[in-house]
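K.L.:
Sequence:
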Amino acid sequence: MPEISAKEEYLVKWFLGPWLVGSSLELVLMGVLSCQFVNYYNWFPDDSRGLRIAVAVLCLLSILKAVETFASLWILLINHFGDIEYDLSLSTGGWWDTANPLMVACIDFYVQCFYLYRLWGVSKRWWVVTPIFALLLFAMVAIGLATYFIATAQKNDVASWFGAHLGTAFTGDAILTLTTAYFLLSTKKYTISSQTAGLISSLVHLTFQTAAPTSIVAMINLIFSQMYKSYNPLLGYIELVFNQPLPKLYAISMMWTLNARHAIRARGELSGSRRGSLISPRTVDDMELGRIDVLKHTQTTQHVDITKMFHHSHASEGLSSGDHNIHGEVVQ
1 MPEISAKEEY LVKWFLGPWL VGSSLELVLM GVLSCQFVNY YNWFPDDSRG
51 LRIAVAVLCL LSILKAVETF ASLWILLINH FGDIEYDLSL STGGWWDTAN
101 PLMVACIDFY VQCFYLYRLW GVSKRWWVVT PIFALLLFAM VAIGLATYFI
151 ATAQKNDVAS WFGAHLGTAF TGDAILTLTT AYFLLSTKKY TISSQTAGLI
201 SSLVHLTFQT AAPTSIVAMI NLIFSQMYKS YNPLLGYIEL VFNQPLPKLY
251 AISMMWTLNA RHAIRARGEL SGSRRGSLIS PRTVDDMELG RIDVLKHTQT
301 TQHVDITKMF HHSHASEGLS SGDHNIHGEV VQ
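Residues in the sequence shown are numbered consecutively from 1, following the UniProt record's numbering.
If you are wondering where the hints come from, they were derived from the structure by calculation, not from laboratory data.
The reader is advised that the hints may include incorrect statements.
What the hints assert, rightly or not - Below, simulated BS3-like cross-link-like pairs (lysine-lysine); rule was C-alpha separation at most 25 Å, straight line: (1) LYS124 with LYS189; (2) LYS188 with LYS124; (3) LYS13 with LYS155.
Stated by the list, open to error - Listed next, with one range per pair, are the computed distances between beta-carbon atoms: (4) SER201 with CYS113: 21 to 27 Å; (5) TYR10 with TRP127: 51 to 57 Å; (6) SER201 with ARG125: 33 to 39 Å; (7) PHE81 with TRP126: 51 to 57 Å; (8) MET219 with ARG125: 24 to 30 Å.
All C-beta atoms in this analysis are idealised placements derived from N, C-alpha and C, irrespective of residue type, glycine included.
Based on the provided sequences and hints, a complete structural model is requested.
P.N.:
Below is the structure:
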């Protein structure tokens with residue numbers, strides 16, 4: 001192998017280094033995600049078919065992305081070992097390079113749609129969900145254009161549309177998280193049942209906990225993606241460290257939300273009944289985590305959906321299993 005110059009060595013470290021680190025992190029997170037998939041199918045064998053299929057699709061997408069990541073490392077470090085010009089070029093002919101941002105965005109968008117459906121279950125307001133969906137859809141259009149510019153080697157346009165994608169997706173995620181938390185907290189004030197209030201508090205905490213990792217990484221990814229247009233364009237390659245594992249973080253967030261039902265049930269936050277509340281037979285609502293029925297002194301019932309995302313069949317396991325009605329007394 002011919003010797004490389006100091007400049008070439010410097011360039012290789014800035015490009016291959018972030019790619020190697022980011023890809024390694026993604027493969028490690030794939031192991032974490034695999035455990036989550038196994039736990040889900042062990043803990044919730046009676047979830048609705050729709051939800052189990054949704055998890056299976058996420059599993060398939062995650063595996064395909066991991067295969068793409070491994071293939072890219074093999075091509076760069078094995079097939080083209082020592083080929084500095086190839087490594088540093090924008091390889092428009094390589095599917096693994098051209099399609100990588102689009103594959104990342106597709107998994108991100110899939111998980112975002114999961115949380116949009118969850119928000120719909122909380123709010124039941126189309127005018128709340130539709131603008132956020134439009135924002136996230138624009139993010140997909142932006143990454144589609146960025147992929148086109150990668151394929152046509154228009155480097156100056158890649159950073160702009162990549163930034164538009166990341167900025168819009170980050171904004172949509174933030175609005176989605178805050179809006180979901182708002183409607184959960186709005187639901188909480190309609191009940192005096194300590195068990196019901198405990199569930200809502202758990203869901204609010206879970207909303208922020210699952211959103212934090214993806215939001216932080218997406219923000220850092222956005223910052224470094226714009227370094228391509230700075231005085232030191234090599235700084236832009238650092239975004240690979242954060243962009244590669246990002247879809248796995250989104251998938252982990254979704255599975256964390258689903259598997260959290262097991263911990264909530266284990267703590268017994270909503271098992272049994274207390275004064276002013278009782279567990280009624282489950283509804284047949286597909287993918288519903290919990291429904292709170294606020295029973296007023298006038299004997300009229302106000303339905304407030306906490307989040308319409310989960311389904312579980314055992315009523316004896318409490319609301320954390322998915323489809324129970326909680327009746328709480330509210331003073332008029």
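K.L.:
If a hint holds in the structure, say so; if it does not, say that too.
P.N.:
These are the hints, each one checked on the structure:
{"no.": "1", "hint": "LYS124 with LYS189", "in the structure": "17 Å, holds"}
{"no.": "2", "hint": "LYS188 with LYS124", "in the structure": "16 Å, holds"}
{"no.": "3", "hint": "LYS13 with LYS155", "in the structure": "20 Å, holds"}
{"no.": "4", "hint": "SER201 with CYS113: 21 to 27 Å", "in the structure": "26 Å, holds"}
{"no.": "5", "hint": "TYR10 with TRP127: 51 to 57 Å", "in the structure": "53 Å, holds"}
{"no.": "6", "hint": "SER201 with ARG125: 33 to 39 Å", "in the structure": "23 Å, violated"}
{"no.": "7", "hint": "PHE81 with TRP126: 51 to 57 Å", "in the structure": "54 Å, holds"}
{"no.": "8", "hint": "MET219 with ARG125: 24 to 30 Å", "in the structure": "28 Å, holds"}
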